[in-house]
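Peer 1: Read off the chains here:
There are 4 protein chains.
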Amino acid sequence: MNVGLVGVTGYSGSVLFELLLRHPQVDHINLYGHAQKVAQSLEEVLPQLRRRDNILPYDPADIMKNNQMVFFATSAGVTTKLAKPFLEANFPVIDLAGDYRLKSRDVYKHWYKKDAPEDQYLQQAHYGLTDFYSSKGEKYVANPGCYATSTILALAPLVQNHLIDPTSIVVDAKSGTSGAGKKLTEITHFSKTNENLQLYKVNQHQHIPEIVQQFQEWDENVPYIQFTTTLLPLTRGIMASCYAKAKDNVTEKEVRDAFVKTYSDDTFVNATEGVFPTLKQVVGTNFCDIGYQLNPVTHQIVIISVIDNLLKGAAGQAIQNFNQMFDYAPEAGLNLSPVLPI
Amino acid sequence: MNVGLVGVTGYSGSVLFELLLRHPQVDHINLYGHAQKVAQSLEEVLPQLRRRDNILPYDPADIMKNNQMVFFATSAGVTTKLAKPFLEANFPVIDLAGDYRLKSRDVYKHWYKKDAPEDQYLQQAHYGLTDFYSSKGEKYVANPGCYATSTILALAPLVQNHLIDPTSIVVDAKSGTSGAGKKLTEITHFSKTNENLQLYKVNQHQHIPEIVQQFQEWDENVPYIQFTTTLLPLTRGIMASCYAKAKDNVTEKEVRDAFVKTYSDDTFVNATEGVFPTLKQVVGTNFCDIGYQLNPVTHQIVIISVIDNLLKGAAGQAIQNFNQMFDYAPEAGLNLSPVLPI
Amino acid sequence: MNVGLVGVTGYSGSVLFELLLRHPQVDHINLYGHAQKVAQSLEEVLPQLRRRDNILPYDPADIMKNNQMVFFATSAGVTTKLAKPFLEANFPVIDLAGDYRLKSRDVYKHWYKKDAPEDQYLQQAHYGLTDFYSSKGEKYVANPGCYATSTILALAPLVQNHLIDPTSIVVDAKSGTSGAGKKLTEITHFSKTNENLQLYKVNQHQHIPEIVQQFQEWDENVPYIQFTTTLLPLTRGIMASCYAKAKDNVTEKEVRDAFVKTYSDDTFVNATEGVFPTLKQVVGTNFCDIGYQLNPVTHQIVIISVIDNLLKGAAGQAIQNFNQMFDYAPEAGLNLSPVLPI
Amino acid sequence: MNVGLVGVTGYSGSVLFELLLRHPQVDHINLYGHAQKVAQSLEEVLPQLRRRDNILPYDPADIMKNNQMVFFATSAGVTTKLAKPFLEANFPVIDLAGDYRLKSRDVYKHWYKKDAPEDQYLQQAHYGLTDFYSSKGEKYVANPGCYATSTILALAPLVQNHLIDPTSIVVDAKSGTSGAGKKLTEITHFSKTNENLQLYKVNQHQHIPEIVQQFQEWDENVPYIQFTTTLLPLTRGIMASCYAKAKDNVTEKEVRDAFVKTYSDDTFVNATEGVFPTLKQVVGTNFCDIGYQLNPVTHQIVIISVIDNLLKGAAGQAIQNFNQMFDYAPEAGLNLSPVLPI
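Protein chains in written order, with our numbering: chain F, 1 to 342; chain W, 1 to 342; chain H, 1 to 342; chain V, 1 to 342.
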């Protein structure tokens with residue numbers, strides 16, 4: 001099968017390309033640059049990938065003719081402008097950006113400070129949270145955000161089973177610098193980032209409404225979450241440290257049963273009571289590892305989830321959506337080694 | 001004035017020694033090793049300090065004869081065994097370890113897994129939280145713990161002024177590896193720590209009862225705190241990310257007034273509304289910088305405090321206690337440069 | 001095919017295990033622990049590998065019965081003691097340790113401070129420098145050392161073609177901490193290693209005689225090399241910065257021709273004139289990237305080579321030897337992604 | 001005494017400012033911004049310094065009227081344009097930039113790609129290599145470069161005493177990212193720099209002619225040096241790993257005597273035979289630590305020197321020059337603590 005990829009030069013795009021190169025069902029990957037007029041060689045822009053593929057100019061008709069589906073690994077706002085022909089043609093798209101994740105145009109505009117896609121297109125999009133929904137048969141998949149994935153997976157069993165006070169959720173999320181992309185910024189200048197912790201977008205991160213939208217699908221009583229983001233002096237990985245007050249009378253067993261029921265058959269999510277994962281144990285893999293514990297003194301539940309932000313938080317989950325869409329094995333293309341030693 | 005220092009070889013002890021060498025009121029520092037029988041040269045054990053001072057064998061009578069006061073920078077359990085002669089003689093001691101911080105022997109034994117000092121001695125000890133209590137005239141000062149300092153300073157204005165739900169406190173604290181000391185451990189092996197986050201002592205850190213004891217001094221309704229600790233891939237610094245539910249009707253102004261009232265005259269604590277400190281801005285200094293914000297959506301108050309764990313969290317606060325004890329200027333010996341660039 | 005692996009718990013052993021799990025020609029891997037009496041579960045000793053394989057007690061007869069070959073990823077000295085039955089039986093072994101690399105027992109003893117294997121066995125061993133010699137048909141392969149690999153590959157074209165003054169070689173080699181293994185040491189304690197450079201084993205590294213032995217194979221006039229090793233504050237990778245005086249009249253073209261001739265058909269070595277590789281571009285891969293330049297002012301040739309010490313410098317090259325031994329495709333099991341972003 | 005400082009916002013300028021604030025002979029520091037028209041507050045541009053000093057518009061007459069001397073911590077090219085009035089007036093200047101270090105205008109232009117200062121002014125400038133020349137009585141001091149300082153101090157005893165083959169010098173120099181300044185660049189983007197080594201300006205670094213010029217002062221037979229620079233994943237510090245062939249018959253004793261003679265009375269340079277310094281042992285201090293060893297096998301001398309690039313390599317040496325200029329104690333303002341633990 002041939003697949004198209006728009007936006008290989010960003011961090012998620014590069015990782016996705018490496019995954020696709022090794023995917024057993026992918027014969028050929030056509031690369032497209034949405035901002036260029038003539039073909040370029042990948043070697044010119046990313047020599048470190050050791051590939052001579054051409055990056056073709058962006059042309060929807062050409063993409064649809066030469067591929068069975070297309071990935072967009074572009075920044076926010078791009079697919080709002082570009083995806084229409086694919087949506088109209090019902091051509092399969094997996095979109096790694098945030099444009100089609102939020103169902104409300106107003107909410108999108110408020111958090112992203114950009115115009116949202118048209119409502120009819122938004123409603124066509126499927127939120128590709130692979131561990132809860134299948135993309136089988138879907139045409140336009142909005143791949144979840146990295147912070148959203150780690151936070152939703154951490155809290156899902158508790159929200160779905162109504163085990164926590166819905167107004168008590170606190171998420172202290174931490175991310176490596178690759179989450180901030182390749183753009184040069186003050187906050188990611190080595191002399192600033194190294195030996196440092198820096199908060200950013202406090203109470204303003206655009207993944208907040210994505211998380212809340214999903215929680216409200218499961219429990220309409222979740223009004224909001226308290227969510228902060230801290231930049232770590234390391235490259236890859238997200239840890240979401242989550243706290244929520246257990247409802248009165250909720251027991252350790254109920255908490256455990258909720259996690260076991262939710263994840264015991266999941267290929268990529270592992271939840272363990274009382275053992276907290278380290279960040280590095282998932283880096284280089286598509287796993288989401290979760291540790292949880294009901295503190296009998298405070299009656300708070302602590303839930304720590306870790307993912308590789310570029311894999312389970314982006315390109316890896318995109319491959320999961322691809323596998324679901326085309327009915328391939330869940331782990332196809334995702335049998336990855338962690339970055340040892342861990 | 002001559003001062004004694006027992007335990008120069010640990011991280012806190014070394015930093016304290018460097019501070020004392022530059023303190024304008026200190027004429028001479030006598031070093032003592034509590035576990036050695038004969039004098040050693042500092043050059044043998046810590047050549048990197050570039051000093052040839054002798055480390056003298058431990059002898060309480062000798063210490064009291066040759067110094068006006070003594071610092072203990074020893075690990076937990078040592079002063080429980082050694083401090084008695086000084087307490088009996090009412091000789092001034094500043095103790096950087098945890099032995100005399102908790103007023104309850106049972107609580108100490110529960111959290112430290114060691115026998116506590118005798119009750120009469122515990123009651124003589126003063127908890128040296130310099131921004132709230134003065135050590136002037138005190139004889140035995142228990143210098144606060146690093147996590148305790150950062151957490152208490154972050155939340156004090158809210159607890160003292162009863163602005164938060166006392167059962168809602170969540171602290172997500174992070175520390176650099178120097179907090180774990182010089183002992184070789186799995187968790188601080190470079191190949192393990194680097195590019196990683198590791199939780200440790202979840203719900204079991206011995207600074208939890210120290211924090212709760214202090215909060216209950218101010219508000220007997222604080223029953224406990226939810227407190228986790230995460231090891232960072234960096235050497236120096238603690239960030240305590242604190243969350244608490246504002247009581248109904250509490251306003252931004254009340255929160256701001258509490259912080260302003262508490263810290264506007266404080267030499268080393270700076271609290272700013274809506275601006276969150278970076279960790280590195282305090283490393284190398286004795287400052288505690290705090291940023292706080294009432295989130296109008298969640299009605300949670302986010303409070304982020306940062307300190308250098310070896311200075312404000314240990315040796316720096318010990319110098320503050322020393323200055324208070326002997327009525328020196330608050331900033332004497334603490335006019336430090338940060339580790340630029342920040 | 002079934003393969004045995006003795007020593008999965010070290011860093012090289014773990015990485016080798018992950019490679020073997022994904023190798024298309026390997027059906028089953030039997031794990032053996034050379035220091036244990038009863039079977040253990042891998043989950044107990046290395047839960048982060050997410051595998052429940054048993055680690056079987058060490059038994060040569062059992063190993064030879066159940067496998068077509070065996071890897072040893074043990075520390076120096078172990079195969080000197082254990083390999084004899086395999087050598088006697090002409091059973092295929094790939095040994096990642098240094099025991100069988102040096103042809104002279106005296107040299108081994110001098111540098112390793114251990115007794116060498118018996119001479120007859122030493123002479124049976126093949127030095128598995130895959131880019132220059134093939135292991136096809138060999139029975140006992142001594143897999144090269146990490147520093148040796150990076151240094152030999154950097155200088156081989158110049159030594160083989162006699163383009164440099166053989167007494168002028170200077171190698172300033174740098175390694176990440178994974179090269180020092182999982183043993184806890186002062187030098188790899190995070191608070192020591194981080195933000196630091198530390199030299200170690202100056203003029204005493206046991207890879208020096210391995211490099212010199214190989215160079216003398218190619219040019220008996222190379223009497224020695226000047227070689228230093230510096231520990232870097234990062235986990236994976238070796239950079240060997242090599243300097244050698246070009247012989248009088250040697251031209252840029254001759255230098256270039258030597259590198260092109262040597263490596264243009266090599267699967268894993270890439271040499272480029274005037275472009276110096278970064279360390280990270282090979283981490284996670286089996287590549288050795290080399291940049292070289294004849295400085296017209298000093299008439300020195302600068303050659304920079306980079307490898308992942310655990311792959312091309314250990315487990316990756318072991319797989320290359322395995323592929324050569326059994327006539328599999330050179331890249332089988334080694335189609336690896338780098339750790340992006342690079 | 002009042003001193004002026006032009007360029008406080010760069011890394012060297014900030015560090016210099018912190019040193020001057022604590023210098024016992026400095027009463028007041030006037031800050032000047034060479035690119036601004038109106039006074040700004042330091043708080044606006046560098047709030048992390050916790051100072052409310054004004055940054056005054058640049059006006060040479062004003063500077064000379066209100067200060068007894070002025071420091072320039074500006075980038076290359078600025079003092080070429082601005083320093084003339086001070087040179088004409090014989091007003092004391094310490095210039096941290098490279099503009100006045102090279103005596104030849106052509107050499108400057110070749111390496112800096114900028115026009116050099118006029119020849120008459122160049123000849124007035126004193127090269128402030130404090131451990132070899134005194135700035136006492138000098139009016140315009142060109143403070144040495146960071147790489148130049150570490151390299152010259154490492155090799156000076158050998159060059160001055162003609163103990164090495166003058167064509168054999170190889171310097172493998174490594175620097176933390178603060179040496180690259182605060183400008184955002186690809187090479188210092190955290191996701192690029194972290195876990196990486198990157199060479200830059202190979203054979204093209206502008207400190208090469210500065211080093212050669214100095215060596216030729218001491219031994220006209222030194223024609224050049226082989227010099228490479230590698231960017232490290234850490235913030236502060238330079239290690240210069242130097243190699244040079246001992247002349248025939250040169251003995252260990254002669255090497256040792258040269259170092260002892262040169263540095264035994266030096267306040268800030270420590271040279272030790274056979275013990276190689278770690279980078280971190282000098283970070284935060286003005287020391288240059290040197291380890292050296294004659295390798296009896298290769299007859300190469302290995303010399304490793306380490307400095308803090310922002311102190312001994314910039315602002316610290318500038319303070320040394322200041323102390324020499326005005327006859328203050330050598331260590332005035334430089335009694336600094338290292339960044340422990342080391």
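Among these hints, one or two may not hold up.
You can't tell identical chains apart in this list, so a pair holds if it fits in one copy or across any two.
As a list, the in silico DSBU-like pairs of lysine-lysine whose alpha-carbon atoms are at most 30 Å apart [to be verified]:
1. K253 - K201
2. K201 - K139
3. K113 - K201
4. K84 - K103
5. K139 - K253
6. K139 - K103
7. K182 - K201
8. K261 - K201
9. K247 - K81
10. K136 - K65
11. K113 - K253
12. K114 - K81
13. K183 - K113
Just so you know, these hints were derived from the structure itself, not from any lab. As the structure is a computational prediction, the values presented were derived from the model and not from experiment.
Peer 1: Which of the listed hints are not met by the structure?
Peer 2: The structure breaks hints 2, 5 and 9; every other hint is satisfied.
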